[in-house]
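Residue numbers (our numbering), protein chains in the order written: chain X, 627 to 776; chain Z, 627 to 776.
These aren't lab readings, by the way, just hints derived from the structure by calculation.
Just so you know, not all the hints are guaranteed correct.
[As the list claims (entries may be wrong)] Dumping the calculated DSS-like pairs for lysine-lysine here, alpha-carbon to alpha-carbon at most 30 Å:
no.	chain 1	residue 1	chain 2	residue 2
1	Z	K630	Z	K711
2	X	K748	Z	K632
3	Z	K706	X	K722
4	Z	K706	X	K734
5	X	K748	X	K722
6	Z	K711	X	K632
7	Z	K748	X	K758
8	X	K774	Z	K751
9	Z	K758	Z	K734
10	Z	K630	X	K749
Number of protein chains: 2
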Amino acid sequence: MSEKIKLTKEQVELVEQYAVFMEQTNLQPAMAKILALLNVADETELSFNQIQDTLGLSKSGTSQAISHLLATNRMEYKTKLGDRKRYFYVPIHKWKDTASRHFDGLEKYRNLNHRILAQRSKKTKEFNEALKEMTEFLSALHKVYTEKIK
Amino acid sequence: MSEKIKLTKEQVELVEQYAVFMEQTNLQPAMAKILALLNVADETELSFNQIQDTLGLSKSGTSQAISHLLATNRMEYKTKLGDRKRYFYVPIHKWKDTASRHFDGLEKYRNLNHRILAQRSKKTKEFNEALKEMTEFLSALHKVYTEKIK
DNA sequence: TTTTTAGTTCACAAAACACTGAACTAAATA
DNA sequence: TATTTAGTTCAGTGTTTTGTGAACTAAAAA
């Protein structure tokens with residue numbers, strides 16, 4: 627029988643909105659919905675079947691999405707003695723690691739812009755000045771990160 | 627005849643790396659390369675033909691990419707009296723507007739997480755606590771934005 | 001041993017995406 | 001008026017993405 631989880635109307639709404647947001651950050655729909663569910667549901671640890679049934683995905687789709695989420699550290703699982711299933715959860719307590727990866731991307735962008743600026747013709751003064759201001763703002767952001775998280 | 631622009635080896639390298647970075651943020655390859663070129667090239671204003679020839683794109687591909695970049699405010703153009711062409715450029719002086727849009731996305735994420743937290747069962751104490759910490763960091767980031775840019 | 005559970009793997013179908021070439025347009029030039 | 005310039009539009013093609021169902025596996029339970 628189905629192991630579909632009961633969600634309030636508000637939870638369904640939140641799952642959908644969270645998933646859409648995640649899709650916009652490059653995540654595939656199925657993965658986005660799984661993450662959304664694990665963030666919103668009352669229970670933070672759900673089994674393969676609970677995920678599949680609640681979201682109405684195929685078995686293979688669920689398997690592939692879960693594998694990818696595990697491989698990219700967006701999800702983890704635990705087991706329970708005397709129970710063959712895995713229980714999947716979002717390692718939200720590691721949110722600082724996730725944030726770090728985002729700031730690494732930002733730093734890469736800052737570095738690219740810095741290199742671009744370094745080799746630019748001195749003739750395009752306004753352009754160069756704006757580019758410099760922007761990289762300085764990126765540095766300021768990075769500083770917040772090192773102070774608050776790193 | 628071709629209006630291909632001359633780029634140093636380093637500039638070619640930077641165009642490619644910048645474009646790859648942009649592709650990773652959801653931009654289509656052609657658009658990513660156009661933005662990269664306009665950031666790196668000595669001249670900040672390039673014509674349709676200079677862009678097409680330098681990047682080796684088709685005319686229609688160039689047209690469609692430019693239209694989309696203009697529609698999404700990632701590019702603008704100016705004209706010159708007595709010249710029928712448009713000269714395209716990256717409005718880098720508006721980098722604060724671009725940053726604002728990014729922070730709007732972050733704020734949306736913070737708000738979603740805040741709503742999720744507000745309706746969560748009180749039983750998952752650790753999860754809720756971590757989620758709260760994270761939204762607080764998102765608020766701190768947003769504060770930097772309001773102080774430095776807005 | 002046979003069956004059930006908890007998945008994994010894979011070939012493929014449907015849809016979306018990215019780009020191309022060819023035909024077209026509208027304004028300027030000859 | 002005819003031609004050139006500076007693009008635009010669109011149908012189609014090749015590629016990539018997502019997800020499906022069917023067959024498979026490995027361990028546990030009956």
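Hints, one by one, checked against the model:
1. With a C-alpha separation of about 16 Å, the suggested pair Z:K630 and Z:K711 falls inside the 30 Å cut-off, and the hint holds.
2. For the hint linking X:K748 to Z:K632, the alpha-carbon distance of about 17 Å falls within 30 Å, and the restraint holds.
3. At most 30 Å may separate the alpha-carbon atoms for a hinted pair to count; Z:K706 and X:K722 exceed this at roughly 50 Å.
4. For the hint pairing Z:K706 with X:K734, the CA-to-CA distance comes to about 36 Å; that exceeds 30 Å, so the pair is violated.
5. A distance of roughly 40 Å separates the Cα atoms of X:K748 and X:K722; the hinted pair therefore is violated under the 30 Å criterion.
6. As the CA atoms of Z:K711 and X:K632 are separated by approximately 61 Å, the hinted pair breaks the 30 Å bound.
7. Note on Z:K748 and X:K758: the hinted pairing is violated, with a Cα-Cα distance of about 47 Å set against a maximum of 30 Å.
8. Restraint check for X:K774 and Z:K751: the C-alpha separation of about 23 Å stays at or below 30 Å, so the hint holds.
9. Of the supplied pair hints, the one linking Z:K758 and Z:K734 holds, its CA atoms being roughly 15 Å apart against a limit of 30 Å.
10. A threshold of 30 Å between alpha carbons decides the hint, and for Z:K630 with X:K749 the separation of about 21 Å falls inside it, so the pair holds.
In summary, the numbered hints that this structure violates are 3, 4, 5, 6 and 7.
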